[in-house]
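Asks: Could you put the whole structure together from the sequences, leaning on the hints where they help?
Spelled out, the chains give:
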Amino acid sequence: MTPILDVRDLEKTFGSLVAARDINVSVPAHQTVGVIGANGAGKTTFINMITGHLRPTKGSIRFEGRDITGKPSREIVRLGISRSFQVAQIFPTLTVFENMCIAAAIARRKSGLLGNILTPVTSPAATSEAEAAIDLFQIARYRDVTANALPQGVRKLLDIGMAVAGSPRLLLLDEPTSGISIEEKFDLMNVVMSALKSRKITVLFVEHDMEIVAKFADRVLAFYDGTVIADGTAHETLDNPRVQELISGVRLKAASHA
Amino acid sequence: MQSRASLLGGLALLVAAALAAPFLPDWMVSLATIAFANALVVLGLVVLWRVGLVSFGQALYYCIGAYAVALTGRWTGFTDALALVLLGGVGAGIVAASIGFLLARYREIFFAMLSLALSMILYGVLVKTESLGSTDGFSVATPTFFGYAPHGAQLSHWLYWLTLGVDAIAALLVGLYFRSVAGALAAPIRDNEIRVEFLGISVSGIIHTKVIIAGVLGGLGGALAAMSIGHVDPNMAYWTTSGGFVFVTVLAGSGYVAAAFVGSLAFEALRSFAVDVMPQLWQMTLGSVLLLTILFLPEGLGSLVSRLRQRRAVKP
Chain A
1 MTPILDVRDL EKTFGSLVAA RDINVSVPAH QTVGVIGANG AGKTTFINMI
51 TGHLRPTKGS IRFEGRDITG KPSREIVRLG ISRSFQVAQI FPTLTVFENM
101 CIAAAIARRK SGLLGNILTP VTSPAATSEA EAAIDLFQIA RYRDVTANAL
151 PQGVRKLLDI GMAVAGSPRL LLLDEPTSGI SIEEKFDLMN VVMSALKSRK
201 ITVLFVEHDM EIVAKFADRV LAFYDGTVIA DGTAHETLDN PRVQELISGV
251 RLKAASHA
Chain B
1 MQSRASLLGG LALLVAAALA APFLPDWMVS LATIAFANAL VVLGLVVLWR
51 VGLVSFGQAL YYCIGAYAVA LTGRWTGFTD ALALVLLGGV GAGIVAASIG
101 FLLARYREIF FAMLSLALSM ILYGVLVKTE SLGSTDGFSV ATPTFFGYAP
151 HGAQLSHWLY WLTLGVDAIA ALLVGLYFRS VAGALAAPIR DNEIRVEFLG
201 ISVSGIIHTK VIIAGVLGGL GGALAAMSIG HVDPNMAYWT TSGGFVFVTV
251 LAGSGYVAAA FVGSLAFEAL RSFAVDVMPQ LWQMTLGSVL LLTILFLPEG
301 LGSLVSRLRQ RRAVKP
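From first to last, the protein sequence lines are chains A and B. Residue numbering for the first sequence follows the numbering used here, beginning at 1 and increasing consecutively. Residue numbering for the second sequence follows the numbering used here, beginning at 1 and increasing consecutively.
Where hints are given, some of them may not hold.
Unchecked claim - Below are the SDA-like pairs computed for lysine to any residue, each with C-alpha atoms no more than 20 Å apart in a straight line:
(1) A:K110 - B:S202
(2) A:K110 - B:F178
(3) A:K110 - B:Y177
(4) A:K215 - A:E236
(5) A:K71 - A:R55
(6) A:K71 - B:E193
(7) A:K110 - B:V174
(8) A:K71 - B:G205
(9) A:K110 - B:E197
(10) A:K197 - A:P28
(11) A:K197 - A:A234
(12) A:K110 - B:L176
(13) A:K185 - A:A214
(14) A:K110 - B:S204
(15) A:K110 - A:R55
(16) A:K71 - B:L176
(17) A:K71 - A:N148
(18) B:K128 - B:Y238
(19) A:K110 - B:V203
(20) A:K71 - B:V203
(21) A:K71 - B:S202
(22) A:K71 - A:D9
(23) A:K110 - B:H208
(24) A:K71 - B:E197
(25) A:K110 - B:L173
(26) A:K110 - B:G205
(27) A:K110 - B:R179
(28) A:K71 - B:S204
FYI, nobody ran anything at the bench for these hints, they're computed from the structure.
Replies: Below is the structure:
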């Protein structure tokens with residue numbers, strides 16, 4: 001079967017700085033992949049290249065067999081790759097429902113030059129998807145709250161929910177639990193991961209908390225100095241001595257389980 | 001439900017306004033025609049304002065629409081009013097579509113100033129063009145309506161009805177546009193452009209569309225105004241003309257399509273009243289009204305309606 005994501009010899013340089021190099025990763029559909037590494041190890045660069053935010057210097061990215069290297073973000077989104085952000089990117093002056101509805105309506109708009117104008121924003125298809133996404137992410141009690149008044153965790157859920165309302169097949173989560181208190185992290189990830197499972201969405205998530213990675217990832221990629229130094233099941237990667245040596249936090253996690 | 005009610009309300013107002021013409025004094029019909037022609041330009045500014053963009057150069061399209069009518073009459077002798085109005089709209093739309101590639105990349109003050117600069121270029125060119133009467137401009141051939149050539153009071157009634165008709169269609173289409181994905185993206189784009197891009201839509205594409213819509217509306221307004229005034233001159237592109245449209249936009253607010261028409265009518269009435277009563281101080285009167293609007297009705301005349309609605313909703 002064609003992998004949903006196939007990355008070959010990916011490289012990104014900014015002048016003399018090498019932000020990513022020799023990245024080779026192939027992800028089969030329905031896998032949940034954790035991405036770990038210190039700040040500046042190349043995780044976000046990797047995500048940004050897949051979503052079209054950065055154009056790779058070298059190498060290729062294939063999505064469901066189709067070459068998407070260097071395509072603009074909005075085109076990649078339309079093909080079926082969506083992302084959420086480290087700092088939740090929502091529309092602060094709109095309510096939760098309106099946020100979701102916009103996201104759903106954009107994904108369901110008619111194609112062509114005038115598609116944006118000829119599609120009503122509150123079409124039945126868009127509103128029912130918006131309601132469904134709100135239920136799926138368990139934020140129904142905030143449905144009519146303006147987004148800038150939401151607690152941090154709900155903002156994150158809304159951000160991811162908006163990505164999901166666009167019906168992606170691959171979703172990239174950039175630090176879904178950053179800015180969330182330790183007590184709330186697991187609840188948040190439980191909601192997110194069961195939502196994504198029920199929609200059969202393949203997930204790549206960047207995460208610093210190794211407990212979260214160990215619990216939710218089928219597979220873990222460890223980044224160091226712009227490249228992947230370990231790739232395997234959560235246990236294989238987290239127990240890898242090189243990973244433990246180079247990525248802080250991993251050894252701590254291993255020690256706590258010893 | 002609510003949209004059907006406002007549609008019926010609008011239709012009733014339209015019919016009432018059309019039927020009133022023969023019973024009103026001539027000066028009032030002319031004033032209303034100019035007000036409703038200018039309201040189209042304001043409606044275009046409202047479309048831009050909803051994404052947080054202000055154009056201080058909408059007079060560019062107004063002037064293009066006006067000169068398109070005047071020049072066609074002068075060069076070809078063609079005088080059919082409806083066709084000329086559409087020509088004005090299309091002409092301004094083509095210009096908006098081309099400079100939109102540039103404008104759609106700018107925001108905030110840069111957008112405002114760049115549009116102002118472009119309108120002043122046209123002003124400069126027209127002032128220097130002796131063959132088009134330089135600063136004096138020239139007069140517009142008397143329009144005809146499908147072969148019918150009214151004059152005197154009849155002519156002003158027909159122009160008034162034509163303006164009402166164009167306004168009604170424009171209001172309906174802009175209302176539909178506000179309900180579309182592109183129209184509803186106004187607040188999201190103002191809030192967070194990155195998110196809009198990552199939902200799979202081109203922000204500059206959306207803004208470009210809005211520039212074109214505003215341009216077409218500006219051209220239609222200019223064409224109607226030119227026929228109604230019977231004269232065009234470079235002042236139609238001057239920045240104070242643009243400033244007047246922005247003034248009315250602030251007065252009207254961006255909440256309702258209808259507010260553009262009510263605001264424009266209120267502005268023209270206020271201006272002629274102020275000029276009449278205090279010929280030396282009319283600018284001061286207008287300035288005070290704008291100040292009071294910003295202080296007490298920051299969302300414009302249109303917000304009076306939503307305030308009433310809220311008050312009614314609060315009562316059991």
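Asks: Tell me the hint numbers this structure goes against, listed in increasing order.
Replies: 15, 16 and 17
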